[in-house]
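2 protein chains.
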Amino acid sequence: MKSEHIPKATIARLATYIQVLSEFKREGTDVVSSERLAEACSVNSSQIRKDLAYFGEFGVRGVGYYVQDLITSIKRSLGIDRAWNCALVGVGNLGRALLRHREFSRKGFIIRGAFDCDPYKIGEVVEGMEIVCSRQLPAKVKELGLDIGVITTPPERAQRAANYLIGAGIKGIINFAPARIAVPKHIHLEYVDFFHYFYAAAFHIRFDESRD
Amino acid sequence: MKSEHIPKATIARLATYIQVLSEFKREGTDVVSSERLAEACSVNSSQIRKDLAYFGEFGVRGVGYYVQDLITSIKRSLGIDRAWNCALVGVGNLGRALLRHREFSRKGFIIRGAFDCDPYKIGEVVEGMEIVCSRQLPAKVKELGLDIGVITTPPERAQRAANYLIGAGIKGIINFAPARIAVPKHIHLEYVDFFHYFYAAAFHIRFDESRD
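Protein sequence lines, in the order shown, are assigned to chains R and U.
Here the UniProt record's numbering is used: position 186 in the first sequence is 186, and no number is missing along the way.
Here the UniProt record's numbering is used: position 172 in the second sequence is 172, and no number is missing along the way.
The following block holds chain R by itself, in its conformation from the complex:
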């Protein structure tokens, strides 16, 4: 690997490449030209080459990419050739939707524990998983070998959820709550804010209207 400083945009595009390549695979396509892959991913082929160059050399001149090989290589490069065990904290509407979301296990992120502070929720079973009190996180993280914490609490409880997860020895946090949180340097933190897609749509629609 050339560098730990792989741009975030590259990792986001790699996610797209895997999705599109998986669609090609399902359709029975074994080899795909770089132009066809680029078109299906809505990027240009030099961008794909640049993104893949962080991880090694891929593709065969005059042929293109072997679909299965490229999926395997990207997954290995990203570290998703193994399963990652996740703890979800905050079993509200969004939490429940994620617990029921089939793509998680398909993509190698297995939600193995669901945690909440609400005594009315503790003991409830969602998707075959019993909701456990967040105070039990340290014991459960060890017992279940949990790597990544997923925060889906209301914003005002996000920091507390993060503290529980960090104290329990989790290595990374994906924060869906609309609140900034503080974590020590050794914890990898990602904010999920899907509103920026809405902002982008609003911005472009208004821009188009202003030109009409």
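Calculated from the structure, these hints are not laboratory results.
Do not rely on the hints blindly, as some may be mistaken.
Copies of the same chain look alike in the list, so a pair counts if it works inside one copy or between any two.
[Unchecked claim] Using 30 Å as the maximum straight-line C-alpha spacing, the simulated DSSO-like pairs for lysine-lysine come out as follows:
hint	residue 1	residue 2
1	K50	K121
2	K8	K75
3	K25	K185
4	K75	K25
5	K25	K50
6	K140	K50
With the hints as your guide, set chain U onto chain R.
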């Protein structure tokens, strides 16, 4: 506005700036130094200046940014100083979570219609909204003045949902379904794939482990 080619990463960061500025506002902070804003947003201050420069001149030398003024300016620049009416297609787990998500109306994206093809769901009321058959989209888009379509169907139904929305005259589509879809050029399309945040976390955790 200098250009329609505002990088996506800039728009994503503007979303973060608005969120952090709103937190400062709630705490009663009227003026914030560029260093403090940068730190709270986890970017450097020259990046903030660069992002804002697409839209005009902001900030007062030696003072920083006026919190409310900057929120107002960013919202106007992005086109979110008005409300946007949204149609949600696909009332499964994720669809329901979005219908109940309070941040939508807070951020100016009002979900005014919920659509599904499933006869068992049509007529059901979620969050005070009756689920309507997707075939009624053309009538409802006109009646309710809907601007943006939100697709939360299973992947295999995403293209059909998009076709309904496009036929109904929607201007932009936010696709949460894990499938690529085809839309005409005048429709602004955004894919929401929150798995790339998981990929990024997995990648960085493994990279850190490999250095230990």
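Here is what the structure says about each hint:
no.	hint	in the structure
1	K50 <-> K121	neither (48 Å within a copy, 46 Å between copies)
2	K8 <-> K75	both (16 Å within a copy, 25 Å between copies)
3	K25 <-> K185	between (39 Å within a copy, 27 Å between copies)
4	K75 <-> K25	within (15 Å within a copy, 42 Å between copies)
5	K25 <-> K50	within (23 Å within a copy, 41 Å between copies)
6	K140 <-> K50	neither (41 Å within a copy, 44 Å between copies)
Of the numbered hints listed earlier, those contradicted by the structure are 1, 6.
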